[in-house]
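Engineer: Sequence:
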Amino acid sequence: MAPTSHDSTKSLRLPFVQCLHVVKSGIKYADVLRDIELTVFKGEIVCILGASSSGKTALVKLLLGLESPDEGQVVVGGISPASLHSRDVALFRRQVGVVFQDLKLLMRKTVFENVSFPLVLAEKPREYVENKTRQSLRDLGLERKIYAKCFNLSRCEQQLVAVARATVHDPVFLLADEPAAHLEEDHALRVADHLNALNIRGTTVIILTRDAAFAGLMKHGRTLSLNQGRIMEIPPTGQQDRYFLAHTGRELLRK
Numbered sequence: 000m001a002p003t004s005h006d007s008t009k010s011l012r013l014p015f016v017q018c019l020h021v022v023k024s025g026i027k028y029a030d031v032l033r034d035i036e037l038t039v040f041k042g043e044i045v046c047i048l049g050a051s052s053s054g055k056t057a058l059v060k061l062l063l064g065l066e067s068p069d070e071g072q073v074v075v076g077g078i079s080p081a082s083l084h085s086r087d088v089a090l091f092r093r094q095v096g097v098v099f100q101d102l103k104l105l106m107r108k109t110v111f112e113n114v115s116f117p118l119v120l121a122e123k124p125r126e127y128v129e130n131k132t133r134q135s136l137r138d139l140g141l142e143r144k145i146y147a148k149c150f151n152l153s154r155c156e157q158q159l160v161a162v163a164r165a166t167v168h169d170p171v172f173l174l175a176d177e178p179a180a181h182l183e184e185d186h187a188l189r190v191a192d193h194l195n196a197l198n199i200r201g202t203t204v205i206i207l208t209r210d211a212a213f214a215g216l217m218k219h220g221r222t223l224s225l226n227q228g229r230i231m232e233i234p235p236t237g238q239q240d241r242y243f244l245a246h247t248g249r250e251l252l253r254k
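Going by numbering that gives the first Met the number 0, the letters in the sequence shown line up with residues 0 to 254, in that order.
Careful, some of the hints might be misleading.
[What the hints assert, rightly or not] 27 angstroms max Cα-Cα, derived DSS-like pairs, lysine-lysine:
1) K123 to K108
2) K123 to K218
3) K148 to K218
4) K144 to K103
5) K60 to K103
6) K144 to K108
7) K103 to K123
8) K148 to K123
9) K131 to K148
10) K144 to K123
11) K131 to K108
12) K103 to K131
13) K131 to K144
14) K108 to K148
15) K148 to K103
[To be verified] Pairwise CB distance ranges (calculated):
16) K123 to E184: 29 to 35 angstroms
17) R143 to V74: 40 to 46 angstroms
18) R93 to D192: 21 to 27 angstroms
19) S79 to D34: 17 to 23 angstroms
20) S85 to A212: 27 to 33 angstroms
By construction, these hints were calculated from the structure, which means they are not laboratory data.
We put the CB at the ideal spot given by N, CA and C, even for glycine.
Please model the complete structure; the sequences and the hints are all you need to start from.
Structural biologist: Structure follows, in structure tokens:
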């Protein structure tokens with residue numbers, strides 16, 4: 000699962016992520032996934048818009064192999080994540096970057112320690128780890144916080160650290176759950192530029208968000224809607240406002 004250039008992956012149109020008639024239900028979820036059909040091509044960037052309780056959490060866990068579907072099949076990079084043997088799970092996850100909604104930072108560690116963790120885990124040379132981590136922090140405007148403890152950061156800064164950690168190793172696949180949450184507009188623009196650049200370098204990106212404006216910042220991207228457990232294609236630009244009002248507006252207003 001090695002990244003390739005954006006242009007070549009676009010021309011090949013090879014499926015990288017597939018959900019085939021996926022069903023997931025359970026008391027843990029406010030909603031269920033109902034016969035999900037999803038194909039994300041290698042090197043593509045896709046935003047999935049959904050309100051709270053739309054099924055995003057269930058989808059994230061399925062794509063990471065943390066849970067298995069009740070019905071259907073989930074395939075990432077040609078494998079079924081939930082069926083991996085324990086010895087292969089670590090290898091799979093080293094090739095994946097994840098921005099968790101609850102961040103999962105090591106709060107008593109420094110920004111540098113958090114962001115460099117994927118590189119250290121991959122046993123990269125010390126100089127490479129230093130340079131790559133600093134570059135990622137510069138890209139996201141965190142260079143002055145490099146030795147700060149994460150528990151001393153603002154929520155916005157913690158969000159940026161989570162994005163930097165998920166992307167520092169140029170993962171083959173990035174799964175970002177609400178990557179722009181708690182960000183001010185200028186920081187959200189930085190994150191969008193960062194994710195677009197990552198995608199251009201060949202990473203397949205799936206973003207799950209409630210923020211339609213942030214989804215619109217994804218260049219070359221495709222936007223889908225996850226609503227009441229089903230995935231639907233978003234209409235072309237110009238018809239989207241009407242679409243969101245009809246399909247998700249009422250749910251968002253209730254939150």
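Engineer: Now tell me, hint by hint, if it's right for this structure.
Structural biologist: Checked hints:
no. : hint                             : result
1   : K123 to K108                     : 20 angstroms, holds
2   : K123 to K218                     : 31 angstroms, violated
3   : K148 to K218                     : 33 angstroms, violated
4   : K144 to K103                     : 18 angstroms, holds
5   : K60 to K103                      : 15 angstroms, holds
6   : K144 to K108                     : 12 angstroms, holds
7   : K103 to K123                     : 23 angstroms, holds
8   : K148 to K123                     : 23 angstroms, holds
9   : K131 to K148                     : 19 angstroms, holds
10  : K144 to K123                     : 23 angstroms, holds
11  : K131 to K108                     : 18 angstroms, holds
12  : K103 to K131                     : 21 angstroms, holds
13  : K131 to K144                     : 16 angstroms, holds
14  : K108 to K148                     : 5 angstroms, holds
15  : K148 to K103                     : 14 angstroms, holds
16  : K123 to E184: 29 to 35 angstroms : 34 angstroms, holds
17  : R143 to V74: 40 to 46 angstroms  : 42 angstroms, holds
18  : R93 to D192: 21 to 27 angstroms  : 25 angstroms, holds
19  : S79 to D34: 17 to 23 angstroms   : 18 angstroms, holds
20  : S85 to A212: 27 to 33 angstroms  : 41 angstroms, violated
The structure shown violates the earlier hints numbered 2, 3 and 20.
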